[in-house]
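Novice: Start from the sequences and build out the full structure, keeping to the hints where you can.
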Amino acid sequence: MSNKKDIIKALIQAEAIQLNFDKYFTWTSGIKSPIYCDMRLLTGDVETREMIIDAFIESIQKNYPQTNLIAGVASSGISWAAMIAQKMQLPMVYVRSSTKEYGAGRQIEGSFNSGQKVLVIEDLISTGSSCLNAVSVLKTIGLEVLGVQAIATYELQKSLVNFQKHNTTLKALISIKDLIDYFESYHLFTTLEIDELKKFLSILDN
0 MSNKKDIIKA LIQAEAIQLN FDKYFTWTSG IKSPIYCDMR LLTGDVETRE
50 MIIDAFIESI QKNYPQTNLI AGVASSGISW AAMIAQKMQL PMVYVRSSTK
100 EYGAGRQIEG SFNSGQKVLV IEDLISTGSS CLNAVSVLKT IGLEVLGVQA
150 IATYELQKSL VNFQKHNTTL KALISIKDLI DYFESYHLFT TLEIDELKKF
200 LSILDN
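No gaps in the numbering here: position 133 of the sequence shown is 132 in this note's numbering, and each next residue is one more.
Derived from the structure by calculation, the hints contain no laboratory data. The structure displayed is predicted, hence computed values, not measured ones. The reader is advised that the hints may include incorrect statements.
[Claimed, not checked] Mimicking DSSO-like on lysine-lysine, the simulated pairs with C-alpha atoms at most 27 Å apart in a straight line are: (1) Lys86 <-> Lys3; (2) Lys3 <-> Lys197; (3) Lys31 <-> Lys197; (4) Lys176 <-> Lys157; (5) Lys176 <-> Lys22; (6) Lys4 <-> Lys197; (7) Lys3 <-> Lys176; (8) Lys164 <-> Lys61; (9) Lys157 <-> Lys138; (10) Lys170 <-> Lys138; (11) Lys157 <-> Lys3; (12) Lys86 <-> Lys170; (13) Lys116 <-> Lys86; (14) Lys8 <-> Lys22; (15) Lys22 <-> Lys198; (16) Lys116 <-> Lys138; (17) Lys198 <-> Lys31; (18) Lys116 <-> Lys170; (19) Lys138 <-> Lys61; (20) Lys157 <-> Lys170; (21) Lys61 <-> Lys4; (22) Lys197 <-> Lys170; (23) Lys170 <-> Lys4.
[Claimed, not checked] Have a look at the derived ranges for each label pair, beta carbon to beta carbon: (24) Gln60 <-> Asn166: 19 to 29 Å; (25) Lys116 <-> Tyr185: 31 to 41 Å; (26) Gln88 <-> Leu191: 48 to 58 Å; (27) Lys116 <-> Tyr35: 27 to 37 Å; (28) Glu46 <-> Thr25: 26 to 36 Å; (29) His186 <-> Tyr35: 17 to 27 Å.
All C-beta atoms, glycine included, are put in the ideal place defined by N, C-alpha and C.
Specialist: Take a look at the structure:
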């Protein structure tokens with residue numbers, strides 16, 4: 000398995016993680032931020048994609064060995080879930096944010112059996128609300144949710160509380176702390192810029 004430094008380096012090279020202290024990024028929520036993460040860019044880079052999938056699988060085998068069903072969170076978790084399920088030769092479903100208003104009106108797509116042990120796949124965790132919504136839906140239909148596996152997490156206190164409330168574990172390949180440690184180790188940003196990032200994350204968590 001690639002170590003965290005290899006994964007972070009690959010994410011930066013793919014521009015899946017970007018920092019700009021002169022011109023803040025605008026998140027979908029409207030928040031102005033010095034950091035922007037877009038894990039969707041990784042699927043276009045075959046070598047990096049393979050690295051991430053292998054890291055996912057090693058983590059799953061270590062932390063969730065009972066997994067016999069993979070679930071992707073729409074929409075960002077679907078492609079990763081599909082690739083992981085294919086390589087592990089496991090069935091896969093995906094969970095919409097809400098029941099669709101056309102066709103069969105399903106919120107979960109794919110075949111499954113009650114009692115299966117499912118692992119939820121997400122790309123990035125901020126508050127965790129979207130993937131925990133999926134967790135609740137999966138539990139409602141009789142599946143045993145083993146936990147959530149993500150590429151990265153901001154490690155916000157809000158997300159820790161949310162996961163505890165849902166009695167759900169979270170494993171991520173890298174965390175915001177890992178990123179900051181990497182930036183500091185390789186002197187990619189000034190001390191002032193790192194402090195600015197830490198301050199932003201602290202404010203974001205309040």
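Novice: All the hints need checking, so say for each whether the structure fits it.
Specialist: Status of the hints after comparison with the structure:
1. Distance restraint check for Lys86 and Lys3: the Cα-Cα separation of roughly 21 Å lies within the 27 Å cut-off, and the hinted pair is therefore satisfied.
2. Proximity of Lys3 to Lys197 is assessed by CA-CA distance (about 20 Å); at most 27 Å being required, the pair is judged to hold.
3. Pair hint Lys31 plus Lys197 holds up; C-alpha atoms about 14 Å apart against a cutoff of 27 Å.
4. Between Lys176 and Lys157 the CA atoms are separated by roughly 16 Å; this keeps the pair inside 27 Å, and the hint holds.
5. Between the alpha carbons of Lys176 and Lys22 the distance comes to roughly 23 Å, so the proposed pair stays at or under 27 Å and holds.
6. In summary, the hint linking Lys4 to Lys197 is supported, as the alpha carbons are separated by about 20 Å, within the 27 Å threshold.
7. Under the criterion of a C-alpha separation no larger than 27 Å, the hint pairing Lys3 with Lys176 is consistent with the structure, at around 11 Å.
8. Distance hint between Lys164 and Lys61 is fulfilled; the C-alpha atoms sit about 24 Å from each other, no more than 27 Å.
9. As the CA atoms of Lys157 and Lys138 are separated by approximately 22 Å, the hinted pair is consistent with the 27 Å bound.
10. For the hint pairing Lys170 with Lys138, the CA-to-CA distance comes to about 19 Å; that is within 27 Å, so the pair holds.
11. Annotation: proposed proximity of Lys157 to Lys3 holds, straight-line Cα distance about 24 Å (limit 27 Å).
12. At roughly 19 Å between alpha-carbon atoms, Lys86 and Lys170 fall within 27 Å of each other, so this suggested pair holds.
13. At roughly 18 Å between alpha-carbon atoms, Lys116 and Lys86 fall within 27 Å of each other, so this suggested pair holds.
14. Annotation: proposed proximity of Lys8 to Lys22 holds, straight-line Cα distance about 22 Å (limit 27 Å).
15. Distance hint between Lys22 and Lys198 is fulfilled; the C-alpha atoms sit about 16 Å from each other, no more than 27 Å.
16. With a C-alpha separation of about 10 Å, the suggested pair Lys116 and Lys138 falls inside the 27 Å cut-off, and the hint holds.
17. As the CA atoms of Lys198 and Lys31 are separated by approximately 13 Å, the hinted pair is consistent with the 27 Å bound.
18. The suggested pairing of Lys116 with Lys170 holds, with an alpha-carbon distance near 16 Å, which does not exceed 27 Å.
19. For the proposed pair Lys138 and Lys61, the alpha carbon gap of about 23 Å is at most 27 Å, so the pair holds.
20. At roughly 16 Å between alpha-carbon atoms, Lys157 and Lys170 fall within 27 Å of each other, so this suggested pair holds.
21. Note on Lys61 and Lys4: the hinted pairing holds, with a Cα-Cα distance of about 20 Å set against a maximum of 27 Å.
22. Proposed proximity of Lys197 and Lys170 is supported: the alpha carbons are some 22 Å apart, at most 27 Å.
23. About 17 Å separates the Cα atoms of Lys170 and Lys4, which keeps this hinted pair within 27 Å; it holds.
24. Our hint of 19 to 29 Å for Gln60 and Asn166 holds, since their Cβ atoms are close to 23 Å apart.
25. For Lys116 and Tyr185, the Cβ-Cβ distance of about 39 Å falls inside the hinted range of 31 to 41 Å, so the restraint holds.
26. The hinted range of 48 to 58 Å is satisfied by Gln88 and Leu191, whose Cβ atoms lie roughly 50 Å apart.
27. Distance hint for Lys116 and Tyr35: a CB-CB separation of about 35 Å, consistent with the stated range 27 to 37 Å.
28. Range check, Glu46 to Thr25: Cβ separation about 30 Å, and the 26 to 36 Å hint holds.
29. Checked against the hint of 17 to 27 Å, the C-beta distance between His186 and Tyr35 comes to roughly 21 Å, which is consistent with it.
Of the hints listed earlier, there is not a single one the structure fails to meet.
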